[in-house]
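Enquirer: Sequence order for the protein chains is A, B and C. Counted from 1, the first sequence has number 627 at position 627 by our numbering; the numbering is strictly sequential. Counted from 1, the second sequence has number 281 at position 281 by our numbering; the numbering is strictly sequential. Counted from 1, the third sequence has number 124 at position 124 by our numbering; the numbering is strictly sequential.
Quick caveat, the hints were computed from the structure, so don't treat them as lab data. Please note: incorrect hints may appear among the correct ones.
Stated by the list, open to error - Listed below are the simulated EDC-like cross-link pairs for lysine to aspartate or glutamate, each with C-alpha atoms no more than 16 Å apart in a straight line: (1) B/K206 <-> B/E239; (2) A/K29 <-> C/D27; (3) B/K15 <-> B/D164; (4) A/K770 <-> B/D164; (5) A/K125 <-> C/D146; (6) A/K666 <-> C/E126; (7) A/K15 <-> A/D713; (8) B/K58 <-> C/D95; (9) C/K87 <-> A/E35; (10) C/K124 <-> A/D713; (11) A/K448 <-> B/E278; (12) A/K26 <-> C/E126; (13) A/K125 <-> C/D95.
All values reported here derive from a predicted model rather than from experimental measurement.
If you want the building blocks of each chain, they are given just below.
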Amino acid sequence: MSVSVESYITDLQKKAERGELLYIGKSLKRIDDLEKVLGSPIYTNDLIPRNTLYAKLVLSKYPHAWIRSLNVSAAASHPGVHLILTYMDVPGINESAAIVPDRPLFAHEKVRSTGDIIAAVVAEKEIRAMEARELVKVEYDPIKPVFDPIEAMGADAPKIHEGGNVAKHIRVAKGNIEAGFNDADIIVENTYRTQFQDAVSMETETAFAIPRDGRILIMGSMQSPHNTQASVAKVLGWPLENVEVIQAVTGGAFGPKSDETPGDVASIAALGALKTGKPVLMSMSRRESMIAHTKRHPSIIKHRTGVKSDGTLTASKVEIYLNGGAYASLGVLVIVRATFHANGPYEIPNVLNDGYKVYTNDTYAGSFRGFGAPQAIFAAESQMDEIARKLNMDPLDLRLMNMLRPGKRTSTGQLMDDSCGLPECVDAVVKSSDYRKKASEYSNQGGKLRRGIGIALLHHGNALGPEGNDYAYVHLSVDKKGRVHLGTGLTEYGTGAISGLAQIASSVLGVPVEYFVIDRPDTDRHKESGPTVASRVTAIGGNASRNAALKLRDRAIAVASKLLECPLSKVKIVDGYAFSEDNPEKMVSWDEIAREAHDASVDLNVIGYYMAPRCSWDDSTGLGSPYNQYTFGAAIAEVEVDIDTGLFKILNYHVAFDVGRAINPKNVIGQIYGGSVQGIGYGIMEELVHINGQVINPNLKDYYIPTSMDIPDKMTPIIVEKQGAMGIYGAKVIAEPPVVLPAPAIRNAILNATGGSVNDLPVTSEKVYKALKH
Amino acid sequence: MGVEDLQIIMAESLKSALKEISENKDATIIANGTDMMPRIRDEGLKVEKILDISALDKELSYINVDSNLIRIGAMTTVSEIGSSNVFNGSLNAFYEVVSKFGGPQIRNRATIGGNICSATSSEDFIPLLMALDASVVLQSVNGKRTLKLNNFVIGKRSVNRRNDEIMVEVQFSKPGDDYLSGFEKIGRRNILIINLINMAIVMSLKQRRVNDVRIALNRVSGKVPGRARLTEGFLNGKEIDGNIISSAREKLAEELKLSSDFRASADYRIHLAQAILEKLLNRFREGV
Amino acid sequence: MSNILISVKVNGTEREVLVEPEDRLIDVLRDDFGLKSPKEGCGTGDCGLCTVIMDGKPILSCITPAFQARGREIVTLEGLNNDPLMKNIETSFRDHHAAQCGFCTPAMEIMGYDLLKKVKKPSKEEVKVAISGTLCRCTGYYDIIDSIYDVGGTE
């Protein structure tokens with residue numbers, strides 16, 4: 001027995017040497033998934049009170065029209081209907097926009113897309129509301145619509161908003177673009193197009209509201225509860241503090257739940273609840289969601305690249321036109337990220353990028369995992385393969401020659417420091433896929449089935465950068481049983497990131513993560529922490545969590561030093577036990593520390609705060625260092641194409657990301673798997689089709705996301721760690737980058753296999769077939 | 001007034017179902033509802049009266065082989081077809097249909113009768129049953145009648161059912177042991193798809209020559225399923241080789257009159273049909 | 001509108017419930033019986049998240065009319081939480097981090113359970129086929145496939 005006690009103590013002492021990195025880099029289990037695997041009632045629609053009323057939306061039938069009349073009387077007298085809400089029922093401001101105030105909650109006078117909300121029917125049962133909405137009579141005077149973003153920029157295009165159809169223009173300018181083209185031996189020009197992608201979080205946007213003595217409680221599915229609170233307060237005309245928003249467990253989000261739709265559903269539920277005095281649930285059907293929420297912007301991207309015959313890039317001119325649909329949304333930031341990343345992860349001395357987010361009469365686009373990078377990198381990485389083909393060069397060699405490394409500069413002029421792990425990522429996938437051997441094998445094939453291998457690289461500016469102030473708060477509170485309650489305005493929607501914040505605090509404190517309990521984010525209890533977007537929870541929130549835990553640790557050590565009767569500086573806490581360095585055999589447990597703190601009136605409630613250093617960006621020069629650090633990635637896809645039909649399958653997918661430091665490697669791999677498969681969907685099958693402004697396939701029957709039968713047989717995720725300057729313990733963001741690489745890697749693999757270029761997404765078998773026929 | 005007046009008649013036996021349909025000729029019959037329910041709920045289909053025959057699984061779920069006649073009860077589910085061993089050998093294509101039909105949960109509910117009566121180009125059993133020259137058995141209180149499937153399915157969502165009848169069975173002669181069958185379906189992903197095109201072929205070879213071939217597609221003209229008679233006629237009596245296959249591909253293209261939609265162009269659909277034809281013929285040539 | 005009284009056995013208990021003609025099985029399970037594990041991901045039978053077991057077979061409760069449940073036996077995940085096989089599956093999902101947002105988890109677990117009841121040690125391909133009618137948007141399926149696969153043959 002004594003032997004094992006001794007070895008236990010030795011073990012603790014050893015662990016103590018890891019200091020606050022005690023549990024960092026370990027694939028600890030998530031602490032928030034027990035209820036999920038049991039199917040417990042934890043999501044918004046599971047939690048509604050018994051007497052809840054249901055709201056359903058009436059959407060515009062036209063993409064662009066004046067509303068001549070609106071008559072709700074037949075609908076209002078339908079059995080079971082309590083209320084019809086329209087713009088007339090908004091006591092505050094009828095405005096549901098995030099940044100540019102261009103979108104009313106309820107359409108008034110004019111509709112600009114078929115996603116515009118005209119009214120909401122509130123009824124005793126969902127089916128009654130669905131029946132009644134057919135009875136809402138709206139007369140329209142159609143206006144000429146415009147659906148193509150370049151056309152919409154024309155002088156005589158129909159005006160969708162006062163002030164013109166360009167919602168945002170941004171320019172990146174480096175060096176002298178004309179001189180760069182003069183230096184080039186050849187110039188390669190291509191146009192790339194991408195499609196609407198729907199996020200299809202498996203849970204749609206939903207919220208319910210309960211009126212409470214002059215206040216209102218909202219519970220819903222969302223990424224940013226404080227933004228939802230602001231939306232609801234604006235619509236109600238109430239002070240913020242009268243609106244309490246709690247984020248329920250959220251069934252996937254991917255970006256649209258950080259944009260304007262969560263505010264819409266919460267505001268409608270709140271208006272209904274206040275008018276009826278009863279709880280109201282506004283839960284979007286899949287059809288409502290796919291029409292009315294924000295999607296990934298379709299784009300037209302024009303590339304003109306100058307290159308020397310040895311492969312050196314001399315100039316890159318890129319024009320990006322994002323089809324924003326009818327409203328600005330967070331899309332005015334999406335275009336910024338797209339334009340910064342438009343040339344790919346390469347050093348090019350002369351750059352001129354112009355990015356436009358343009359209004360059209362399609363349904364609106366906004367925030368979605370990747371935030372402009374998937375479009376930009378698809379075009380940039382396709383262009384690299386087209387250049388390689390023109391030069392008769394291996395696409396890998398062209399990339400190795402020009403790519404970012406420590407000491408190189410991005411298109412905005414930002415210097416890459418030692419944390420640039422792109423070379424390591426490339427090296428890892430080249431080895432893992434046996435690229436060189438396969439590239440030579442596949443260069444000479446006959447027969448009907450042809451194999452090909454394709455590569456794509458990325459850099460991804462971390463967190464908000466120029467998109468906003470990058471800060472977060474984390475609350476830690478220890479109860480007398482020793483449980484550590486972690487609360488924050490940042491949210492969990494599937495990634496495990498909040499569990500990761502607990503892991504960081506747990507590591508700093510030396511208390512196992514099993515002691516941690518995650519509180520539901522609640523605007524009454526938790527400080528506003530900026531939006532939960534841009535994959536920023538771990539990198540930014542992690543610093544706040546560490547700062548909170550450091551404060552808490554000091555207080556716990558003070559308690560422990562009394563109990564252990566030793567100096568503060570000697571106290572170590574490891575695995576939930578405190579001991580003195582000088583006398584490790586004497587220990588007190590975390591439970592005892594918590595109880596003693598409680599009894600001795602020691603406050604174990606702390607708040608940690610972190611704000612990232614400001615980034616630099618100068619609109620007037622088109623230059624700057626817009627992000628504190630970058631994630632890097634490389635992917636290699638291997639495909640087999642039937643050249644008779646264009647049908648193909650993805651045999652292997654190798655992908656490496658420089659994540660700085662993997663706080664929980666298993667969670668990192670989970671993001672790489674999931675993001676890659678969502679990216680495969682984007683690359684080869686997903687397309688929300690708009691015809692004359694109408695969404696043709698707003699359902700999962702005709703909008704295809706990958707099933708278990710569509711994933712590559714083998715996916716090889718690789719973690720590279722080159723620590724960044726900002727993120728907690730050098731961590732870089734990982735939730736978004738994986739979605740970016742599959743589309744160009746697969747497209748390039750098909751080019752390699754067949755010689756056919758598909759320049760518009762998704763790369764369907766029909767497009768491959770047509771590219772082969774020329 | 002919408003679906004609030006929806007009337008449900010629940011039949012607990014075939015006998016009562018026949019009586020109900022004779023008295024409620026305007027009723028829409030639903031089996032297990034896998035096709036109808038989403039149409040009502042999401043696509044705004046208006047239905048006022050439903051005759052529910054789901055409880056008839058007790059009587060109409062069977063796969064019987066009477067000498068040479070295979071009889072499948074209308075309420076037999078896709079899973080039940082998949083787990084039957086009746087289709088081993090020359091009717092192997094049934095298993096190919098099953099493995100690509102919806103997802104596993106749908107297969108546990110979708111019935112062969114519902115599949116036929118829904119009569120859309122996405123109903124996977126229709127081409128195979130057409131290739132087998134199958135017949136449907138329709139029953140009313142006045143008795144039964146048998147109708148060839150190609151006379152029953154007459155258009156998109158249009159069948160020759162008299163409004164007092166219930167389809168109770170599909171039947172066909174079991175092809176001889178010298179027959180082979182195959183089914184292929186292509187969509188924009190590997191499962192859970194609205195197919196761009198599908199094709200079933202039933203064929204016998206004698207001394208390497210085509211003795212009898214029957215080819216059916218989910219779309220032959222517009223969105224209506226049917227047989228590729230021209231191609232069949234061309235292939236009969238021929239010895240299959242590369243040249244014959246490419247000529248058969250041409251014949252098939254000649255007789256397909258397809259339309260384009262957002263899922264695929266007509267040209268590409270025809271090309272896929274040609275590729276499936278080639279693939280299945282090559283497979284049969286190798287005796288599988 | 002005429003309501004319909006049906007009897008149905010739910011998680012082992014005989015129940016009687018008055019349903020409306022338009023009610024779906026998922027509505028009755030969630031709203032009348034408080035069983036929230038079946039989720040509505042699409043409402044059209046295309047995502048699989050509303051999966052429950054009817055008469056021993058997994059089916060989609062969002063496209064099953066409630067009146068068709070009369071005389072049938074329904075089991076939801078709540079009714080399987082004490083089943084040793086399901087407990088193993090749930091543990092395996094946690095070990096593999098296979099529940100990210102968790103919204104598809106109950107359906108995935110039921111499909112895994114149904115497979116493992118039929119096939120003691122399924123191949124990965126068989127697992128893929130078993131979950132092919134159930135969509136997940138977070139995991140890319142790999143961790144879910146591994147979770148179910150690893151329970152195979154453990155008994």
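Enquirer: Between the alpha carbons of C/K87 and A/E35, is the straight-line distance 16 Å or under?
Expert: The hint holds at about 13 Å.
Enquirer: Check whether the Cα positions of A/K448 and B/E278 lie no farther apart than 16 Å.
Expert: 13 Å, holds
Enquirer: CA of A/K125 to CA of C/D146, is that 16 Å or under?
Expert: Distance of about 40 Å is beyond 16 Å: violated.
Enquirer: Taking 16 Å as the top limit, are the C-alpha atoms of A/K666 and C/E126 close enough?
Expert: 25 Å, violated
Enquirer: Does B/K58 pair with C/D95 here, judged by a C-alpha cut-off of 16 Å?
Expert: 43 Å, violated
Enquirer: Below or equal to 16 Å on CA atoms is what counts here, so check A/K29 against C/D27.
Expert: Between A/K29 and C/D27 the Cα gap is close to 34 Å, so the pair fails against 16 Å, i.e. violated.
Enquirer: Quickly compare the C-alpha distance for B/K206 and B/E239 to 16 Å and report which way the hint goes.
Expert: 9 Å, holds
Enquirer: Between B/K15 and B/D164, does the CA-CA distance stay at or below 16 Å?
Expert: 13 Å, holds
Enquirer: Is it true that the CA of C/K124 sits at most 16 Å from the CA of A/D713?
Expert: 10 Å, holds
Enquirer: Are the Cα atoms of A/K26 and C/E126 separated by 16 Å or less?
Expert: Violated, at about 31 Å.
Enquirer: Quickly compare the C-alpha distance for A/K15 and A/D713 to 16 Å and report which way the hint goes.
Expert: Violated: A/K15 and A/D713 sit about 39 Å apart, past 16 Å.
Enquirer: A/K125 and C/D95 were given as a pair; does the straight-line alpha-carbon distance stay at or below 16 Å?
Expert: Roughly 40 Å separates the two Cα atoms, so the pair is violated.
Comparing the model with each numbered hint stated earlier shows that hints 2, 4, 5, 6, 7, 8, 12 and 13 do not hold.
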